[in-house]
Each structure stands twice: as C-alpha cells, then as structure tokens.
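4 protein chains.
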Amino acid sequence: MEEDKAAAPKNYQEYLMLQRLLKCQVLQSAEAGKAVHDEHLFIITHQAYELWFKQMLFEIDSVRDTFASPSMNESRMLNVINRLQRVSLILKLLVDQFVILETMTPLDFLEFRQHLSTASGFQSLQFRLIENKLGVKQENRVKYNQQHYMKVFSDEESVKMLMESVEQPSLLLLLEKWLERTPGLQRHDFRFWQAFEIAVGRWLDETIYQPYIEETDPKIKETLMAEYQKQKDSFDTILDPIKYNTFIERGERRLSHKAFQGALLISLYRDEPRFHQPFQVLTLLMDIDSLMTKWRYNHVMMVQRMIGSKVGTGGSSGYHYLRSTISDRYKVFLDLFNLSTYVIPREYIPPLTMSMKRTLSTLFTEAESESGIEDQSSSLESSDQSTEEASNAMFTT
Amino acid sequence: MEEDKAAAPKNYQEYLMLQRLLKCQVLQSAEAGKAVHDEHLFIITHQAYELWFKQMLFEIDSVRDTFASPSMNESRMLNVINRLQRVSLILKLLVDQFVILETMTPLDFLEFRQHLSTASGFQSLQFRLIENKLGVKQENRVKYNQQHYMKVFSDEESVKMLMESVEQPSLLLLLEKWLERTPGLQRHDFRFWQAFEIAVGRWLDETIYQPYIEETDPKIKETLMAEYQKQKDSFDTILDPIKYNTFIERGERRLSHKAFQGALLISLYRDEPRFHQPFQVLTLLMDIDSLMTKWRYNHVMMVQRMIGSKVGTGGSSGYHYLRSTISDRYKVFLDLFNLSTYVIPREYIPPLTMSMKRTLSTLFTEAESESGIEDQSSSLESSDQSTEEASNAMFTT
Amino acid sequence: MEEDKAAAPKNYQEYLMLQRLLKCQVLQSAEAGKAVHDEHLFIITHQAYELWFKQMLFEIDSVRDTFASPSMNESRMLNVINRLQRVSLILKLLVDQFVILETMTPLDFLEFRQHLSTASGFQSLQFRLIENKLGVKQENRVKYNQQHYMKVFSDEESVKMLMESVEQPSLLLLLEKWLERTPGLQRHDFRFWQAFEIAVGRWLDETIYQPYIEETDPKIKETLMAEYQKQKDSFDTILDPIKYNTFIERGERRLSHKAFQGALLISLYRDEPRFHQPFQVLTLLMDIDSLMTKWRYNHVMMVQRMIGSKVGTGGSSGYHYLRSTISDRYKVFLDLFNLSTYVIPREYIPPLTMSMKRTLSTLFTEAESESGIEDQSSSLESSDQSTEEASNAMFTT
Amino acid sequence: MEEDKAAAPKNYQEYLMLQRLLKCQVLQSAEAGKAVHDEHLFIITHQAYELWFKQMLFEIDSVRDTFASPSMNESRMLNVINRLQRVSLILKLLVDQFVILETMTPLDFLEFRQHLSTASGFQSLQFRLIENKLGVKQENRVKYNQQHYMKVFSDEESVKMLMESVEQPSLLLLLEKWLERTPGLQRHDFRFWQAFEIAVGRWLDETIYQPYIEETDPKIKETLMAEYQKQKDSFDTILDPIKYNTFIERGERRLSHKAFQGALLISLYRDEPRFHQPFQVLTLLMDIDSLMTKWRYNHVMMVQRMIGSKVGTGGSSGYHYLRSTISDRYKVFLDLFNLSTYVIPREYIPPLTMSMKRTLSTLFTEAESESGIEDQSSSLESSDQSTEEASNAMFTT
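Chains as they are written, first to last, in UniProt numbering: chain A, 1 to 397; chain B, 1 to 397; chain C, 1 to 397; chain D, 1 to 397.
If you are wondering where the hints come from, they were derived from the structure by calculation, not from laboratory data.
No distinction is drawn between identical chains; accordingly, a pair holds when it is met within one copy or between any pair of copies.
Under the rule of at most 30 Å between Cα atoms (straight-line distance), these lysine-lysine pairs were calculated in the DSSO-like manner: (1) K34 - K54; (2) K23 - K92; (3) K143 - K219; (4) K10 - K160.
All of these numbers come straight from a predicted model, not from anything done at the bench.
All chains, please: the whole structure from these sequences, using the hints.
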C-alpha cells in the first residue's frame with residue numbers, strides 16, 4: 001500500500017512494482033504440500049493474458065472516448081488508427097501465446113487440476129469487459145451450464161464494471177453513429193444509395209440478364225436465371241429497407257441501414273483522400289474481430305488437447321461451450337465482413353459529382369482556397385518558388 | 001527442357017531454375033488488356049502455398065516410407081521427429097501467410113476475378129494429396145456443389161496420383177499399425193489394459209463414489225451420482241470393445257482399439273526412456289492436425305473477407321463449403337486429442353513391473369548387459385571409475 | 001512456351017502454371033546419382049524467397065512510380081501505405097521462414113554441398129535489385145572476396161537490370177524529393193527551422209543550463225556543463241548546415257538538409273490531419289528497414305549454424321562477409337531512425353500559426369471555405385439537410 | 001499479505017491474484033499530475049517481459065537441477081527437452097513482442113520519460129540472472145557507463161541472488177560436465193578422437209592435397225595450397241590440445257576440450273538411438289542462444305527508434321551499449337555453433353565398432369539380451385504371440 005503512494009520510484013524494480021508483481025505466483029499445489037512444476041507455467045500464462053487484457057481495455061476505452069467525444073474530428077484519426085493497430089498486435093501475440101501453454105500435457109495438468117477448485121477462465125472479468133466494450137450482444141451469448149455469464153461474478157466492483165460495460169455505448173454502437181455521419185450519404189447532388197441501386201441493376205443486367213436473354217441452350221438458360229435471381233435476392237436484402245431490418249431483428253446484421261450505407265460508401269470510394277483513414281479504421285476493426293475469433297479458436301483447440309471432453313473446472317463442459325462461441329454470433333463487426341458480398345466492379349461504381357469529389361478531397365479544397373482565403377501564405381510561397389511549388393501542390397511535384 | 005538435363009548448374013540462378021520459376025507469373029488481367037496490380041500478389045501467394053505443399057508432401061512421404069519399412073526401428077526416430085517438426089513449421093508459416101493476401105481488398109479482387117474463370121482453390125491437387133496421405137477419410141469429406149472432390153480433376157496424371165494417395169497406406173493407418181506394436185501391450189507380467197481398467201475403477205470409486213456414499217445432502221448426492229455415471233459411461237466407451245467399435249463405425253474414432261491402447265500406454269508412461277520419442281511423435285501429429293485446422297480456419301476467414309457469401313469461382317458457395325471443413329470430420333488424429341479425456345491422475349496409474357520397466361528403459365538393459373556381452377568395453381570404463389559409475393551410468397554423474 | 005501464350009487458363013493448375021512451377025525442383029544430388037533428402041528443402045526455401053522477392057520488387061516499383069509521378073498527390077497515399085505495409089508483411093514472413101531451413105543440420109548440408117558448385121546466395125539478382133531500388137548506396141557496400149558485387153552477374157539481362165536499378169531514382173531519393181516539398185517548410189508566417197532552433201535553445205537552457213547556473217556543488221556543475229555541451233553539439237550537427245553536410249559526405253546521413261527538416265516537421269506535427277499519412281509512410285519505411293536488417297541478421301545466424309566459419313560456396317567467407325552487412329551502412333532510411341535523437345518534448349514544440357494550422361488541416365479549410373468559396377455545394381447541403389450534416393461536421397458529432 | 005496465506009482461492013480472480021497483479025500499473029505521469037496515455041503500454045510491456053523472465057528462470061533452474069543431480073540419467077531427457085523447448089518458445093514470443101512497444105513513438109516516449117528518473121532496463125535483475133544461469137561469462141560482459149553491471153543492484157536480496165547465480169554452476173558448466181561423460185569418448189575399442197583426426201587428414205588429402213599435387217597450372221596450384229593450409233590450420237585449433245586451450249584462454253571457446261569432443265561425437269553420430277535426445281538438447285541450446293541474441297538485437301533496434309543516440313535513462317548511452325552486447329561475447333553456447341566448422345562429410349566419418357554401435361543402440365542391446373538375461377519376459381512374449389511381436393522388434397514390423 002505504501003508502495004503505491006510512496007515517493008517516486010528510484011529504479012526499474014520500483015517503477016514496475018516488481019516486488020509485488022513477482023509475488024503473485026502462488027502455486028496451490030505447493031500450498032497443498034507438493035509443488036507441481038507445470039502449475040507455474042499455468043499461472044504465468046494466464047497472468048500474461050490478463051496483463052494484456054488490461055492494456056486492450058485501456059486502448060479500447062480511449063478509442064471509445066474519442067468516438068464519443070462531440071469534438072471528434074479528423075485530427076484524431078491517426079491516433080485512433082494507431083491504437084486499434086496496437087490492439088490488433090496485442091491480439092496477434094495472444095493468439096501465438098497458446099503454443100507455450102501447449103507444452104504442458106494432460107497428465108501434467110491433471111496433477112494440479114484439483115487445486116484449481118472451481119476457478120475457471122469463464123470467470124475472467126476483463127475478457128467479458130472486452131467483449132462488451134467491443135459490442136458482443138448480450139442476446140447473442142451462449143449460455144454456460146444453463147447460466148448467464150454474469151452470474152459467476154458476485155463481488156460488487158466486478159458487477160458494477162460489467163453493468164457499465166453493457167450500458168455504456170460499445171465500440172460497435174459508436175461506429176454506427178459515426179458511419180451514419182459519413183460525408184456524402186445524403187446530398188441533393190449525389191444520392192449515393194439511389195445511384196448504387198441503379199448501378200447494381202445495370203451490373204446484373206449486363207453480366208447475367210442479357211446473357212440469359214441471348215442464350216439458346218435451355219439448360220444454361222435455366223442456370224443463368226437461377227444465378228440472376230440469387231444475386232437479385234441477395235442485393236434486395238440491403239436495398240430494401242424492410243428486408244434489411246428483418247436481418248437486424250434476427251440478429252444477423254448489427255449496423256443500422258444508414259450506417260451500413262456509410263460503410264459501403266467508404267469501401268467503394270476509399271481512394272478519395274477523405275476516406276483513406278476511415279477505410280483503415282474499418283479494416284482494423286475486421287482485423288481485431290478476426291483475431292478475437294482466432295483467439296477463441298486456439299483456445300478451444302488447447303482445451304481439447306488438455307482435457308478432451310472432460311468437464312471443465314467450474315463445472316463447464318469446457319470444450320463444447322467454447323466451441324459454440326466461435327460462431328458468427330460472437331463476431332462484432334460482422335457487417336463489415338459482409339460488405340464484400342455487395343461490392344460491385346469498379347467500372348459500375350457510380351462516378352462522384354464534382355462537388356462530392358471536392359468534399360472528399362483534401363487537396364482540391366486546398367486548390368480552391370488558394371485563390372481565396374489562404375492567399376497571403378500561398379502567394380508568398382508561390383512567389384518564393386516561382387509557382388513551381390504552389391501550396392496546392394503540396395507533396396506533389 | 002534443356003534446362004533440366006543440361007550440365008550441372010553454374011550458379012545460383014541456374015541451380016534454382018529461376019529463369020523458369022520467375023516466368024510462371026502471368027497476369028490474366030494483363031493478357032486481357034489491362035493489368036490489375038493485385039493479381040500479382042494473388043498469383044505469388046498461391047504459388048508460395050503450392051511450393052510449400054510440395055515440400056510437405058515430400059516430408060510426409062518420407063515419414064510414411066519410414067513407418068512402412070519392415071526395418072523401421074528406433075534408430076529412425078530422430079529422423080521421423082525432425083521431419084514431422086519440419087512439416088509443423090511449414091504449416092505454421094502457411095497459417096501466418098494469410099495476412100499478406102488479406103492486404104488485398106474485395107474491390108481489388110473483383111477487378112480481376114472474372115479472369116480466373118472457373119479456377120478455384122478447390123482444384124489444388126497437392127492439398128488433396130496432403131489430406132489423403134495424412135489420412136482424411138473419403139467418407140468424411142464434405143461434398144462441394146453436390147460433387148465429389150475428385151471430379152474436378154480430369155487429367156490422367158492427377159487422377160492417378162489421387163487414386164494412389166487413397167489406396168496407399170495413409171500416415172494414420174501406418175501410425176495405427178505402429179501403435180498396435182507398442183511394447184508392453186500384451187505381456188503376461190504386465191497386462192496394461194486390465195490394470196488400467198482396475199485403476200479407473202479405483203479412481204472413480206475413491207474420488208466420486210465414496211463421497212457419494214458418505215454424502216447426506218440429497219441434492220449433492222444426486223449430483224455426485226450423475227457425475228459418477230457420466231464418467232463411467234465415458235470410460236466405458238473405451239473399456240468396452242463393443243462400444244468402442246460403435247464409435248469407429250460412426251466415424252467418431254479412427255484408430256483400432258489396440259492402437260488406441262498403445263497410444264494411451266505411451267501417454268501414461270512417456271517418462272520411460274523407450275517412450276520418449278514415441279511421445280514426441282504423437283505430440284507432433286497433434287500439432288500438425290491443429291495447424292491444418294488453423295490453416296482451414298484462416299482460409300475461411302480470408303474468403304469471408306474477400307467475397308462474403310458470394311458464389312466462389314469454380315461455382316462453389318465458397319464460404320459455407322469451407323466453413324464445413326473445419327469440423328472434427330477433417331481432423332485426422334482426432335483420437336490423440338481425445339486421449340486426454342481418459343488420462344487418470346499419476347497416483348492411480350498402474351506401476352510398471354520390473355521386467356516391463358526394463359523393457360522400456362534403455363539404461364537398465366545396458367546395466368544388465370554389462371555383466372555380459374559388453375564387458376570388454378565397459379570394464380575399461382568401470383575400472384576407471386571404480387564401478388560406482390559403470391557404463392550403465394553413461395551421461396550420468 | 002506455348003503455355004504462356006495459350007488460351008486463357010481453364011483451371012487452378014493452369015492459372016498458376018503449376019506444371020512448370022513444380023518442375024523447377026531438380027536435386028543436383030539426384031542428378032549426380034544419389035538424392036539427398038534435405039536438398040529438396042534447400043531448393044524450395046530459396047525458391048520461396050525468390051518468389052516473394054519478386055513480389056517485393058513489384059510493390060516497390062509501384063511505390064516508386066507513384067512517388068515519381070508528376071501528378072503524385074494525396075489521393076495516392078492510401079495506396080502507397082497499403083503497398084508498403086504489404087512489403088513489410090512479406091519481409092516479416094521471410095524473417096520467420098529461416099526456422100524451417102534451420103531444421104537442416106550441418107551434416108545434412110554437407111551431403112549435397114559439393115553439388116552447389118559455385119552457386120551462392122550472393123548471386124541473388126533480385127535481392128540486389130531490392131537493395132538498390134530501396135536505396136542502398138553503392139559506396140556503402142562491403143566487398144565480397146575483394147570483388148564488387150556486380151561482378152558475379154555476367155548475363156546481359158541481369159547486368160542491364162542491375163544498372164537500371166542503380167541509375168533510376170531509388171525510393172530513398174524519391175522520398176528525399178518528396179520530403180523537400182513538405183508543406184510549411186518555407187513560409188513567411190511560419191519559419192519552421194528558425195522556430196525549431198529557438199525552441200531547442202530554450203529547452204536546453206531551461207532544463208540543463210539554468211540548473212547548471214544555479215548549482216553550487218562543483219562536481220554536479222561539471223557534469224551538467226558536460227551534458228549541456230554534449231546536447232548542444234548533437235543538435236548543432238543538424239542545425240548547422242555545414243556540419244550537417246559533413247555527415248552527408250561521410251555517408252553517415254543520407255537525406256538532404258531540407259528533406260531532413262521535412263521529416264522532422266512531419267514527426268513533430270504528425271497530429272495535424274495533413275501529416276497523418278506522411279507519418280504513416282515514414283513509420284513503414286523504418287519498419288521495412290528494420291525487417292531488412294533482421295532478415296540479414298537471421299541469415300547470418302543460420303549460416304553460422306550451418307557452416308560455421310567455413311568458406312561459403314562461391315568462395316565467399318560467408319559468415320564474416322554477411323556479418324559485415326548488418327551495420328548501419330546498409331540501413332537505407334537511417335536518418336528516419338535518427339530523428340528520435342532530435343525530437344523535443346511537446347511543450348517546447350513551436351506552436352503552429354493559424355494559417356499553417358489551416359494548411360495542415362483538412363477539416364479547417366473545409367470549415368473556412370464553407371462561408372466562402374465552396375458555398376454553392378455546402379450551402380446547398382446545409383439548406384437541404386437543415387444543418388444536420390453541415391459539411392464542416394463531416395464525421396464529427 | 002493475507003491474500004497469500006488465506007484459504008484456498010475460490011475462483012479465477014483469486015487464484016491468479018488479479019486484485020494485486022492488476023494494481024501494479026501506476027503511471028508516474030499520472031502521479032505527477034497528467035497521465036500520458038502511452039506510459040500504460042510501457043509498463044505493461046515491461047511487466048509482461050518480467051513475468052516471462054520469471055518463467056524462464058523457473059525452467060532453467062529445473063533443467064540445471066536435473067543436470068546437476070547425481071541420478072541424472074536418460075529417463076530425464078524428455079523432461080529436459082520439453083523444458084528447453086518451452087524456454088525457446090517463450091523467447092520467441094518475447095522477440096515478437098517488441099512490435100507492440102514500437103507502436104509508441106519517440107514523441108510519446110518523451111512525454112513521460114522524465115518520470116522514469118533513473119530507472120533503466122539495465123536494472124532488470126531477472127535478465128541478469130538468466131544470463132548468469134545460462135552461463136554468460138563475467139569477464140565477457142561489456143561495461144556500462146564504465147560501471148560493473150552488478151553495481152546497479154544495492155538491495156541485499158538482489159545482490160545475494162546475483163552472487164548465487166554466478167557461483168552456482170551455470171547451464172553451460174553443467175553441459176560441459178555432461179558432455180565430458182559422452183559414452184564412447186574413451187574406449188579401447190573405439191578411440192574417437194584418434195579416428196577423427198585420421199579421417200580429417202584423409203578428407204583434406206583426397207579433396208584438396210591430391211588435386212594440388214596433380215594440378216599443373218601454377219596459379220590454381222597456389223590457390224589449392226592456400227586452401228589446404230587454411231583448412232589444416234582450422235582443424236589444428238581443435239586437434240591440437242595446446243592450440244585449443246589458447247582459444248579458451250582468449251575466451252573464444254568455452255567448453256573443455258573433452259566436452260567439445262563429446263559434442264562433436266554426438267553431432268556426427270546423432271543417428272544412433274542413444275544420441276537422438278542429446279542431439280535434440282544441443283539443438284535446443286543453440287535455438288535458445290540464437291533467440292537471446294535476436295532478443296538483444298530487436299531491443300537495440302527498438303531503442304534506436306525510440307531515443308536515437310540520446311543518453312538512456314539511468315545514464316547509459318543506451319544504443320551503443322546495447323549494440324555492443326550483440327557480439328559473440330554474449331553467446332553462451334558459441335562452441336556448438338562452431339561445431340559446424342568441423343563437421344566432415346558422412347563418407348569420411350569413422351565407422352563405429354560393433355561394440356560401440358551396441359552401446360549407442362537401444363535396440364541392439366535389446367536384441368542381444370533377448371537370448372540372455374531378459375529371456376523370461378521376452379521369450380514369453382515371443383511364444384505368446386508366435387513371433388509376431390518379438391521383443392527385439394518393438395515398434396518394428
């Protein structure tokens with residue numbers, strides 16, 4: 001306790017509070033009279049997971065704060081990208097970390113397993129917080145021993161933290177609000193969704209329907225019609241708002257229709273400067289989701305190796321419960337993965353209007369402004385450099 | 001052609017046949033008039049996979065040859081371990097390799113996707129060979145477009161190679177035969193299976209049945225009885241040969257009952273010198289199986305990102321087909337993973353008889369023989385060290 | 001040959017030209033009468049390296065083209081970042097790949113080493129091209145057997161490619177030109193370099209010189225003065241153009257003074273939207289450089305393990321030559337690493353002028369322009385949507 | 001405190017002492033009034049390193065105990081291999097972990113760097129213990145600020161632990177003693193070293209000296225003679241005990257001459273069953289050494305990126321000091337790497353005598369003994385199973 005509040009740390013050991021940290025490894029097998037070598041590894045591995053979970057929460061919270069802030073603007077994007085990247089790198093490490101624990105064998109594990117009593121990874125508070133803060137939906141969770149996951153937490157502080165993690169806006173929700181504000185979603189001069197619908201129609205018509213019309217072989221004709229119908233039905237699930245909402249109600253889609261449109265808009269026009277970083281954000285969120293699933297998967301494989309279909313500590317039927325969490329129900333940013341279903345070839349993507357192009361271009365506005373507001377600075381540069389490097393040509397030759 | 005048969009290569013470039021190798025990247029988009037940048041990555045990635053698949057086949061074949069050889073003996077074990085380790089390291093690399101292809105986006109892929117025509121990863125001959133040679137059962141394979149996987153191969157050579165890969169003994173089959181020969185499975189002085197059955201009974205009795213008897217709370221009593229019954233049923237599936245075979249018939253177990261016993265024997269007594277390397281082999285086979293599944297899983301995730309639920313090239317409904325191959329049906333060494341279900345705590349494992357101990361010990365036999373055959377050599381050493389550290393103590397102090 | 005020009009490929013195997021690709025593995029030991037198992041791994045590993053080298057060259061060339069293009073502008077940045085990231089991921093894979101070849105032992109290698117004749121990794125054309133295209137300076141290269149590295153290439157095509165790679169602008173050179181155009185380097189209202197020099201002076205004064213003045217203990221006083229002098233000398237090497245150029249002449253710095261200033265400007269003000277992506281580019285170039293060095297280092301370690309200090313094939317004294325390439329001489333973007341030496345604490349960084357802030361902000365100009373130049377589009381938006389999505393509020397709440 | 005001694009933990013959180021562990025992250029920047037976001041990452045990363053260092057020490061100590069035990073014998077080899085493998089996997093993780101910290105930038109670091117005061121990684125007690133317990137020689141250490149590395153540790157416990165780590169036998173020393181006992185090093189019927197010397201002579205004679213004699217071109221003749229002399233000199237450094245010891249005195253070799261011979265014996269005859277596991281041990285020790293060096297290297301690269309050539313916290317001239325630790329001086333098992341210099345082609349390796357072959361074969365003795373000592377058990381088996389599983393055919397067909 002004094003350690004915390006004491007004067008500034010004098011050295012590495014004090015700064016990292018190693019005296020404390022390195023005393024948190026108490027082998028229960030040793031307490032019970034006979035230390036089992038591999039319990040040490042078991043403890044260290046889980047503690048390393050929990051340390052990194054804490055870091056992940058710290059980064060996720062900071063990204064959520066940024067998205068939630070009323071002053072959130074493009075100047076924060078580098079920061080957001082950097083921190084999401086960090087979360088992704090941590091997860092990659094945690095996925096790789098399983099091989100170390102896998103050097104423990106079932107026989108080794110059995111030797112100290114009884115000392116774990118009812119302790120179980122299912123009781124990791126921080127893992128639940130990560131899931132909730134990312135946006136795993138409560139209704140999508142698989143029950144464990146017919147029990148709600150929250151039931152295993154009884155101390156007041158844990159319960160409070162969990163409740164807050166559910167009540168506060170998740171990263172998914174904040175993303176949704178942000179995507180709904182995607183510039184260009186609703187403009188009289190560029191109505192993206194209408195233009196996209198027309199483009200899809202033209203694409204299906206030219207690449208499937210026309211060939212169908214011209215086909216003479218009845219069998220191929222039939223195949224083409226089936227293909228056409230299938231594609232049309234698929235696109236209808238996003239073009240028709242009522243159908244779209246059916247999927248939301250079934251829990252198979254998470255983002256509002258408007259947010260989904262924003263995400264698609266960014267994906268299709270990601271080469272416009274204004275969308276560069278939003279596109280990087282969407283990619284990183286998919287990376288994180290993928291890695292979460294890979295973590296779950298590696299975890300299941302490890303558990304299968306270690307205890308087979310034995311009942312887990314804490315009474316869970318370990319393997320089968322964990323296996324069930326690798327479904328799309330636990331994929332938070334599922335809609336982003338599904339975007340690829342609705343991407344159409346570049347030549348069919350509706351061209352931007354000049355005004356829309358300008359809005360999405362950092363460069364163009366600069367060029368515009370040169371003849372206006374910024375003329376004092378830019379004219380100087382121009383004169384200095386005899387126009388060969390006008391301010392609109394920043395970073396350009 | 002001359003390149004192949006020509007004089008010995010003069011340099012690096014000739015040795016690696018780079019002139020040829022580096023001309024195998026023909027962008028179909030370029031052939032069609034407009035090169036798409038990312039098609040280059042797509043080709044290189046797949047070719048890198050195929051190169052490593054060739055190496056995997058080469059190693060798997062050599063390990064199969066070793067196991068199949070009538071002279072297979074312990075002197076080959078280091079070799080087998082080394083090559084299985086190599087396969088495992090290659091697979092790890094291939095699992096990690098997906099992140100590179102994931103830098104390609106759905107929009108990029110769409111730009112050259114039509115040029116792939118009906119080409120599809122489903123047509124990778126080498127991947128099928130790997131599966132067959134490891135031991136994926138034909139009856140466990142999931143159909144693709146209602147089609148048998150072999151149907152996509154039409155050229156004579158491919159069909160021949162595939163047929164052979166099915167007909168020749170797989171690594172799984174060879175492992176089975178080898179495990180059936182595990183020393184000590186059937187000896188009059190140490191009847192492993194009977195001893196194991198008794199040990200299981202004693203364990204269940206002492207840790208669950210006795211507590212059940214002594215319990216007074218009816219609710220806990222009931223739980224204990226349920227637990228006891230569950231464990232008993234679980235062990236019965238391996239102790240009762242008839243039940244065991246039911247699982248085989250259902251395809252949920254792959255190894256013969258005798259081979260399964262051998263694997264369990266090795267796992268329980270892995271600390272005996274004779275079992276050190278067999279235990280390493282079993283571990284490596286699980287590693288390889290795990291990594292195959294992780295490869296499949298990463299593949300699915302990549303496909304979902306790239307094409308969503310679109311129909312794959314080659315007409316497969318890509319994502320869903322691939323997803324279905326991540327089940328235990330495709331796990332070749334499933335029985336080895338399940339061993340952990342039947343491992344019992346060390347204190348219950350039947351002690352070895354002296355004679356069995358001797359059989360499993362490389363050291364002991366040495367000691368024995370000292371007084372006989374090897375006396376010339378060993379006596380020298382012995383005299384040097386006044387017998388307290390005779391040659392049986394080699395590597396010992 | 002016909003394979004290349006033939007009709008479009010019908011399937012996976014034809015598309016990837018596997019018939020050809022998978023016949024490029026000719027074991028010289030087999031040609032000489034007795035196949036050595038591990039030569040297969042040796043060939044595959046090197047071919048996998050060369051395949052990925054080809055991909056790296058393809059990406060590096062495309063990034064160089066972008067930087068070299070007179071129309072290079074910010075709309076290309078996502079693309080540049082994506083491709084540099086790809087190069088970085090490939091290099092990470094290649095660094096990790098060494099563990100596979102390390103499963104081969106010195107004894108295995110010796111068995112086919114004589115068949116390599118004079119072939120040597122030193123003869124990898126593509127690796128030399130990568131070095132040159134990134135910007136390894138010819139004068140910094142270490143000699144090999146007292147021989148210029150180009151001497152080992154004799155065929156016309158290789159020589160031509162090498163010469164071109166030296167003569168064409170390297171990525172380093174293109175980066176230099178681009179950094180020299182960093183917006184804000186020369187403006188009458190924000191003279192970065194003067195402001196930076198003043199800031200450095202103030203920092204050193206407040207944190208070292210003033211404490212020195214106030215110190216009474218002569219020993220500490222002396223230490224502080226030494227520290228002050230050391231820091232001042234260090235900053236002088238970049239503040240004084242003449243000293244700066246001395247380092248360039250000695251080959252210890254690569255970027256022109258102006259480009260160096262641009263890089264520092266970006267690093268210090270990376271939170272300004274305009275600098276987000278340039279900062280990502282600088283980071284990725286360091287990543288690539290780090291990974292190149294790690295590749296070299298892992299290569300050396302592997303060679304040491306395989307042949308010790310034996311003479312390499314091709315006559316090189318392998319280990320020692322390779323070891324010498326891990327110095328800073330081969331680090332292309334060395335100046336970017338050294339930037340950290342000259343970063344000063346945030347509170348000392350000169351504040352941006354309003355005009356400079358505007359230039360570096362994509363948002364601000366937008367906001368500004370709303371009341372002016374862009375009013376046609378933006379006022380429309382405003383009126384259409386009754387302020388719910390004012391153009392200055394893009395992505396903001 | 002009560003936490004330690006209290007009743008058995010009831011759940012995951014208590015078992016892992018998370019209440020304590022997750023309170024060890026105190027940001028000094030926050031204590032000083034303004035939390036700097038990235039300090040959290042800085043602390044977590046270093047704590048994760050320290051947790052894993054503790055695990056490494058735990059494993060290294062257990063391996064040292066095994067080697068030091070008078071009853072050390074072959075039955076412990078699987079255990080030793082498993083634990084060395086674990087150390088190797090942990091190190092691999094720690095090498096990969098640097099990329100996470102590298103997402104922090106110099107500017108971020110500068111913001112909290114002053115709060116570190118004199119804390120420095122140089123003060124990591126556990127890292128020094130790892131070095132000492134592996135066997136880094138005190139006299140090979142590079143000085144830091146002209147200071148002995150031990151000087152930075154002042155608390156009694158740390159000093160005591162450090163002293164013990166120096167005084168107790170290191171893994172290197174224990175390996176040496178173990179290698180000196182390699183079976184077959186001194187036997188009247190197989191004098192390895194004499195046989196090896198003859199073999200080397202024959203090899204050099206046949207492959208270099210004879211060609212030299214027959215050569216007529218004076219220039220080639222000269223080259224051949226130079227090559228012959230060079231090789232001879234190289235082998236003399238191990239064949240001539242006096243020369244060998246010169247290298248030991250210079251600190252360029254670490255193992256006694258006899259231990260070196262043992263290591264070479266194992267390497268050349270690794271295919272003999274008795275040497276399988278010793279060979280795996282030697283390989284793992286090299287893996288660990290390689291990874292230690294890669295850790296050092298990645299550390300240096302990270303430091304260069306973060307602080308350039310600035311003076312480190314704790315007053316060390318960080319980059320240059322760290323850079324100097326990547327030399328062979330810090331490679332503990334250097335001699336094992338150098339073995340490859342002295343490996344000769346398989347056809348020149350002296351054949352084993354029958355008796356030696358028997359000593360190194362687990363199988364052969366078994367076969368031998370079958371007709372003798374073990375006949376009770378083995379003959380029974382034979383008769384029981386009518387020769388289908390003769391005991392000498394264990395695991396063989």
